[in-house]
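Engineer: Chain by chain, the residues:
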Amino acid sequence: MAQQPQHTKTKRYGMVIDLDKCTGCGACMVACYAENNVPFRQDDSDKMRSLNWIRVMKVDNGKAFPDTEVCYIPMPCMQCDGQHMQGHSPCVSVCPAVATDYDYPTGIVSQIYTRCFGCRYCMAACPYHARKFNWWDPKWPADMEKYLNPDVSARMRGVVEKCSFCYHRYQKARDKAYVEGRDELHEDEYQTACTQACPTNAITFGDLYNPEHAVHSLSRSKNAFRLLERLNTNPKVYYLSSKSWVRRVADNYLEGENPEQVAKARKAAATH
Amino acid sequence: MTTPAIPEGVKRCSTRQFTLWLAVVGAVLLWGVYAMFLIWYKGLNQTGMNDAYGFALWIWADLAVIALGGGAFFSGFLTYIIGKKELKSIINYAVIIGFICYSSALLILALDIGQPLRGWFIFWHANVHSMLTEVAFCLSCYFAVLTIEFIPLVLENPKLDRIPFLHHLSHNMHEVMAVFAATGVFLSFFHQGSLGGVAGVLYGRPFAFREGLLIWPWTFFLFTWSAAAVGPCFTMLVTWLTEKITQKKLVRPEAFELLAKISGWMLLTYMIAKIADTWYWAAVTAPARGFSLMEFYSNNPIYGIWILIAELVICGIVPALILITPKWRENKNLLVTAAILAVLGVCINRWVMVLQVMAAPLLPFQDWYMYMPTWQEVATTILPVAYGAILISLAYRYLPVFPHEKELNPGQ
Amino acid sequence: MFPFSFEWVWDISHLVFMGGLWYALSIIGAGMTYCVIKSLIDTAADEPGEGGHGHH
Ligand code: SF4
Ligand code: SF4
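Residue numbers (the numbering used here), protein chains in the order written: chain X, 175 to 446; chain E, 6 to 417; chain C, 1077 to 1132.
Careful, some of the hints might be misleading.
To be verified - For lysine to aspartate or glutamate, the following DMTMM-like pairs were computed, each having C-alpha atoms within a straight-line distance of at most 25 Å:
#1 X:K183 - X:E243
#2 E:K411 - E:E335
#3 E:K93 - E:E248
#4 X:K441 - E:E216
#5 X:K396 - X:D234
#6 X:K396 - X:E354
#7 E:K47 - X:E319
#8 E:K164 - C:E1083
#9 E:K93 - E:E180
#10 X:K232 - E:E300
#11 E:K254 - E:E412
#12 X:K346 - X:D194
#13 X:K396 - X:D217
#14 C:K1114 - E:E300
#15 X:K320 - X:E431
#16 X:K237 - E:D372
#17 X:K417 - E:D372
#18 X:K232 - X:D218
#19 E:K332 - E:D282
#20 X:K438 - E:E216
#21 X:K438 - X:D194
#22 X:K232 - E:D372
#23 X:K195 - X:D217
#24 X:K313 - X:D218
#25 X:K313 - X:E431
#26 E:K47 - X:D218
#27 X:K183 - C:E1083
#28 E:K411 - E:E216
#29 X:K195 - X:D311
#30 E:K47 - X:E434
#31 E:K89 - E:E335
#32 X:K221 - E:D372
#33 E:K90 - E:E335
#34 E:K164 - C:D1122
#35 X:K232 - X:E431
#36 X:K195 - X:D241
#37 X:K237 - E:E300
#38 E:K47 - X:D220
#39 E:K47 - X:D234
Treat the hints as calculated values from the structure; they're not laboratory data.
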């Protein structure tokens, strides 16, 4: 029997999405559907009720033709650390039945489908609309059932689901490491399905605390920002963009406010 | 000799007329029950809700009905704990109205969850940090208290009162009612508050989020205060309506007078606090998150600044002023107008704190989310009204709800 | 709700919240038990056949 691994250090798994590279192809969405058994309906045109764990939003700079610029923003669950970075995520703190939980060792916000009773309070709490409700029981075309991922349980009508950063892949990787007597996972051992599917490598995934992981430095680059940072949700999904207008649509600013200055003031306040 | 089922010395309509009335209201009730089964059988896809609108008409109905049912705990508090004897004339009715409101709220909550059979998880796996958990616990406990307050009245029905054990039970329960009423006040304070907390803690939703005291956002206190202020208005309104329909005087004028006065002062103080809260939110809380006040009230088909004015001024300050002015509240028409306005005001407040919260966009590239309830949602929201009408009719006919009815209608 | 459910922790939030809950529940329970027992005793003390016209 392998040795019991030493106490592993706390991780903070996160994602950095380079919006300059994203072409809006939607491969991440497709990969996610397949990986996580996300159900769809024959007529899935009602986008307010269709399930997806990651969705690609299209935004533009609001200018007329020759000056129009478009940007695609893939949005999974932001795995918020919450106010004061203590796992007080908007959704976790409100769930009355502890059906969604903050996993301190990884920082991943879990969803327990068999525990959720569908009150949808978490959906009201999440500012990113990352949470989806199962309005119907899932139904797959007959031969498609054979292609379902056995590592991910299917969800029933009446419960909420959301992106889990492919937590089952983390579990698998950790099991493997355990058998091999290792403490630490290599960066490439645990990657989410969307990261691997992205043809332009716009998505990078890893431990934000680990300086050897690419996300560590990427998330600290000067072009990095997060969505709705001013709400103090502390997301673990970072975005990169060289365009200042993209920066501006990522959060709310009063007239006369400048995103860079606001960000600087925030950082200064955080270090004090 | 058989005992008549109708209390002694009061006049009630003929059985025929009564049955006809029940049949009409019963039809509405059945319509609601049909919708209810559709929802339980087919699921929440029968509603107009969607992923952006997880909370909608039902949660509003819940919040509103509980605020209006607040008349029961507040009149109970005034009658049994402060010892306002004048209110004995109306307390029974306040309890019945509260009972209807709370049972309706529980029913609607049972409809509103995606997996109704797992409803008990909220108790069993309780997350004590969630406002909704507190709501569920206090709501159910307080409903038990209301039932206990209602039972002695039911037992006073002439037929039941003949059974010795029930006769004693009713008497003994009356004796210790103050203890139950105090427990009810304690529970009400917390669940009314937690209902306010439900929206106030959402720090991801700048429209709803409020700072506060310790773990309680300001909305916690505002909701309790407004329920105590407006609950009695609703009790008065229903009593007035009952008097109109039955064409009788049922409650002593002093009871009305006192309730109106207390309600008025509560409402006025509430409005001052509410306006201060709104001002602080608009000037400090929201701008710190990059939102200006008018962003919440523009670029959408419904939610204009009118809704804020309607809530705070027309349905807030105005009724409060009417109710605190003795000359005005003595005028029955003005009193009823004030009560209607106050009730509307609290309903608007609950609406705004649920539906406008969901509607307002968060990211600059999002639009306002709009929602339209389906007939199933509407029918199940009307269902409690029909159920309430039936319960009130039965109670009025068979129970001695109004202790002073005989004395107020000598000729009958 | 009970100390044996796995999400239970002996922390201040649980003690305050559940303390309040069980306190309210015991008052309701004790109050009702008292009423029922007292009524049973009162009924037994009544003269047979005289029930229903007691004091008020
Ligand atoms: S993005 Fe939404 S669902 Fe994900 S952790 Fe944050 S609040 Fe929760
Ligand atoms: S819908 Fe489910 S996960 Fe969300 S708050 Fe309710 S019980 Fe918790």
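Engineer: If a hint holds in the structure, say so; if it doesn't, say that too.
Structural biologist: Hint by hint, here is what the structure shows:
no., hint, in the structure
1, X:K183 - X:E243, "violated, 43 Å"
2, E:K411 - E:E335, "holds, 23 Å"
3, E:K93 - E:E248, "holds, 17 Å"
4, X:K441 - E:E216, "holds, 22 Å"
5, X:K396 - X:D234, "holds, 22 Å"
6, X:K396 - X:E354, "violated, 39 Å"
7, E:K47 - X:E319, "holds, 23 Å"
8, E:K164 - C:E1083, "violated, 49 Å"
9, E:K93 - E:E180, "holds, 14 Å"
10, X:K232 - E:E300, "holds, 22 Å"
11, E:K254 - E:E412, "holds, 9 Å"
12, X:K346 - X:D194, "violated, 32 Å"
13, X:K396 - X:D217, "violated, 43 Å"
14, C:K1114 - E:E300, "violated, 62 Å"
15, X:K320 - X:E431, "violated, 54 Å"
16, X:K237 - E:D372, "holds, 18 Å"
17, X:K417 - E:D372, "holds, 22 Å"
18, X:K232 - X:D218, "holds, 19 Å"
19, E:K332 - E:D282, "violated, 31 Å"
20, X:K438 - E:E216, "holds, 24 Å"
21, X:K438 - X:D194, "holds, 23 Å"
22, X:K232 - E:D372, "holds, 13 Å"
23, X:K195 - X:D217, "violated, 31 Å"
24, X:K313 - X:D218, "holds, 12 Å"
25, X:K313 - X:E431, "violated, 48 Å"
26, E:K47 - X:D218, "holds, 18 Å"
27, X:K183 - C:E1083, "holds, 24 Å"
28, E:K411 - E:E216, "violated, 52 Å"
29, X:K195 - X:D311, "violated, 36 Å"
30, E:K47 - X:E434, "violated, 50 Å"
31, E:K89 - E:E335, "holds, 19 Å"
32, X:K221 - E:D372, "holds, 14 Å"
33, E:K90 - E:E335, "holds, 20 Å"
34, E:K164 - C:D1122, "holds, 19 Å"
35, X:K232 - X:E431, "holds, 24 Å"
36, X:K195 - X:D241, "holds, 19 Å"
37, X:K237 - E:E300, "holds, 21 Å"
38, E:K47 - X:D220, "holds, 18 Å"
39, E:K47 - X:D234, "violated, 40 Å"
Checked against the numbered hints given earlier, the structure breaks hints 1, 6, 8, 12, 13, 14, 15, 19, 23, 25, 28, 29, 30 and 39 and satisfies all the rest.
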